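**Student:** Chains G, U and L supply the protein sequences, listed in that same order.
Note that this note's numbering gives residue 263 to position 263 of the first sequence, counting from 1, and the numbers run on in steps of one.
Note that this note's numbering gives residue 1028 to position 28 of the second sequence, counting from 1, and the numbers run on in steps of one.
Note that this note's numbering gives residue 2357 to position 357 of the third sequence, counting from 1, and the numbers run on in steps of one.
Just so you know, these hints were derived from the structure itself, not from any lab.
Since the model is a prediction, treat every value here as computed from it, not as a measurement.
Note that beta-carbon positions come from the ideal geometry of N, C-alpha and C, so glycine has one too.
Be a bit skeptical, because a hint or two may be false.
Computed Cβ-Cβ distance ranges for the label pairs, DEER-style [said to hold, decoys possible]:
1) U:Thr1081 with G:His199: 31 to 41 Å
2) G:Val72 with L:Gly2611: 52 to 62 Å
3) G:Lys101 with L:Met2631: 14 to 24 Å
4) L:Gly2622 with G:His199: 44 to 54 Å
5) L:Gly2622 with G:Glu135: 47 to 57 Å
Below, each chain spelled out in residue letters.
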Amino acid sequence: MTTTLLAAASTSTGEAVQFWILGTVAVLGALGTVLMKRSVHSALCLAGTMIVLAVFYLANGAYFLGIVQIVVYTGAVMMLFLFVLMLVGVTAADSLKETIKGQRWLVALCGLGFGILLIAGIGSAGVDTFVGLGEANAGGNVQGLARSLFTEYVFAFEITGALLVTAAVAAMVLTHRERTERRLTQRELAEQRVREGKHLPPLPAPGVYARHNAVDIPGLLPDGTPSELTVNATLRERGQVRDVSREALADLAALERRTGEYLGRNGTDTRAVRGAADVRDDVSDDAPDTDEGRAGDGDRDRDREAAK
Amino acid sequence: MNPVNYLFLAALLFTIGASGVLLRRNAIVVFMSIELMLNAANLALVTFSRMHGNLDGQIIAFFTMVVAAAEVVVGLAIIVTIFRSRHSASVDDAGLMKL
Amino acid sequence: METSIGLLVAAPLLGAAVLLCGGRRLDRVGHWVGTALAAASFVLAAVLFADMLGREADERSLHQHVFSWIPVGGFQADVAFQLDQLSMTFVLLITGVGTLIHVYSIGYMEHDERRRRFFGYLNLFLAAMLLLVLADNYLLLYAGWEGVGLASYLLIGFWQHKPSAATAAKKAFIVNRVGDIGLSIAIMIMFSTFGTFAFGPVLDSVGETGEGTATAIGLMLLLAACGKSAQVPLQSWLGDAMEGPTPVSALIHAATMVTAGVYLIVRSGAIFEAAPTAQTAVVTVGAITLLFGAIVGCAKDDIKKALAGSTMSQIGYMVLAAGLGPIGYVFAIMHLVTHGFFKAGLFLGAGSVMHGMNDEVDMRRYGGLRKYMPITFVTFGLGYLAIIGFPGLSGFFSKDKIIEAAFARGGTEGWILGGAALLGAAITAFYMTRVMLMTFFGEERWRNAPAPSPERPDVEPVAQGGGEYEVPRPHESPRSMTVPMIVLAFGSVFAGGLFSWGDAFVNWLAPVTTFEHGHPPISAATVTAATVVALLLGVGLAWLQYGRKPVPVVAPRGSLLTRAARRDLLQDDFNHVVLVKPGEYLTRGLVYLDHTVVDGVVNGTAAAVGGLSGRARRLQNGYARSYAVSMFGGAAILIAATLLMRAV
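With these hints in hand, go ahead and build the complete structure from the sequences.
**Tutor:** Now the structure itself:
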């Protein structure tokens, strides 16, 4: 595609094909931006539309703008959008249910009326004589833009610069949070933890006492009960904790039995282990991570030691 | 094909963007819709530039982009601040001035 | 001399201000201050009187312009005093009797802890009354007129802890207000007709304005006089006004204030002469009232109310005389002055009796008191002889002249008026003899009278003391009370004769009020004889009923007329049915109208606006998106408008 072609007064077949294909894509992208439930998808659709528009800029002889569109808009601005989306929460899907009564109908009415009137206006304006940018772009598009920008529009340009600086400062001021009190030292934080009666030592790691070391498997206490503390709170919230205590106990019991058979021993020990497993079944059906549950575990541990 | 089709496309995109502003509650999506409207306007400006055979349209489109960038920076900062204090990015929740 | 006229008013006004603003620290000397200032005013009046006597008859009218009160464009009201023979008479009466009653009050109010205030009010009354009679224009007269109304209200309700006193004060004030409206309307008519209120110009030019205006002014002035002087139909307040302390009844509601109406009519004589209709109205009112008051006086057992009926009746005589025109003016004033003496004396006597009888007012519980209070008996008796017109005493001269003048009006009218006046004289003799006999003669009923029963609310039981009923121990009053009574008794006896000596009073007043001799259809001697006969008839009848037979302690049921007269001839009931009830219905109707129509319109408008804005408010739902839709729609409309304009 040569310069003359792109900036011609009339369009080639190639440009027509490009317009109809990419135009469809642009409209679909725009609709997607508006209608997608998740804002990330909206952002991606918007990015697509912007790239298509960049192509259209190029096709219209605005080479500099086409590049800027891709670099600044699709690159920087959309990245900023995604960044904020991450901050705000990327996974939440918006409800598209309308809460304001009659809003949807009003928007449909106004949108249709506005669109039809706008298109009718453009249609009736009778713009069919296109001068084309052949002459204007003769000395190069960027050079031409620069000439206007630094002569005719230099004042606006400078003002825009000031605007950008102001915006940067404003963004900093807006997002900056003034610290209202002194930052706590490590010692103070530790004292605070003690005062609040929280768990002081590091939380137990998952899977340490079991034969698994995946993060979603709670570690087992010495008596074989799973400890909820060892699993990440997020996983606990989601109910994604895999309890392997029963299998582990069953394995242990089988090992004991086999050992016993091998040694020719029939003993109370095996029964004790089995009894422990039965008790465990009962408890794990209830909420196992409550304080009472854990306290009960401790009691039981002591009982067992006493029995021994 | 008549290049005026670019203008029709711009009108269409603009209307879709405007409807998005009015329909969506998520402030970030609303912002994206505004960007869509700005881009539609830029497309129209670029087309005008081709129509008249001078670069003024492109200059204006350039300024639009700069201003849009500044606007995005400030707007997103505001959204972040609001989200921080209200834990919501819904434009309907920001009804503090309502009696 | 002119410059000292204002001092007459200023002295008691100063007293009122000092006593009412001075506070408790004046409690111990307050009564002396008040009395001294009243006496000062009297002394000044006497000096002025002596000065006046020393001048020629046509140079006796003095003028003092104090300051310009309301100078607004064409409206010019001055504070200016006029002291002529008529005013002089009143000034002497007011300050003289006023001073005596101040002295009397020192003893009478001795045990009242609000005595200082009482003297303040008395001084205020004196100031207002002097302003009334000294004013040289109707507006200033009106100020004094309202001032005496205020003082009267304050003094009737002086024992405000008694609900009956508070009600009576309110009643007097409201009924007086009706009359005051008449006076204010009269003044407005004067201003719109003559452009001034000064006596001189108004009275000089009233003859040229035509009878209609004069009649209107005259009737309005008559209404005012009826209110202030307790004439039918505005007389109902006077009987209740006796709730006030007795000195007040004597000074204000017998001797001075109630005669203000007579003063007004005599002062405005030129207006009434220009309006015969109004004059007829005046004599009609006078004749009716003199009979009305006399009949009421016959039935009352309360000594003060009986005297109040008598006052009403005697003022009826004065109004009658004042309505007769130049043949009556002088006698109206003469009767006014003599009446001032003997009626004040009678009231003070009644007060003295009450003082000795534990504030008992029911005459059926008196009897045989002449032994216990001889001075009171003698002074009261002289006043009694004077009021019934016993030949040779004051009342005889003045009343006889009035009856004569009534006959002299001529024609049927003259006969009717004269007959009424004669009949009134007979009834006066009857009820005054009744009072005299029931109080000072007969058996001593108070010894074993039963305790007053609560069904008789018109008889106040032992006042103030409360507690058990105790048999009174009658005794003579202190010197401060008896001395004024003695002085007034002298006046009652000799004033009439003094005035009639060589027509002294007629000559004195004639330059101001004009005078002409009436020519009654029957000779003056016949009239005098008829008067004496009527008097003897009345006394005889009373003696037959109350002297020969013992008086029952509890009043018998009595005839229909007696019962009606006890209720003031149903005046209150009449007022209630004719005035109060329709008023109540009217206000109730207006309230209903206000609630439904006026409030309906107002509330309806408010509700409509409220409803509309309630709906309009829904547009402001607080959602930015809703507002944005309207912006968007507005943009669409703008594009449509642009396209439309281009198409056109």
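**Student:** Which of the stated hints cannot be reconciled with the structure, identified by number in ascending sequence?
**Tutor:** Those not satisfied: there are none.
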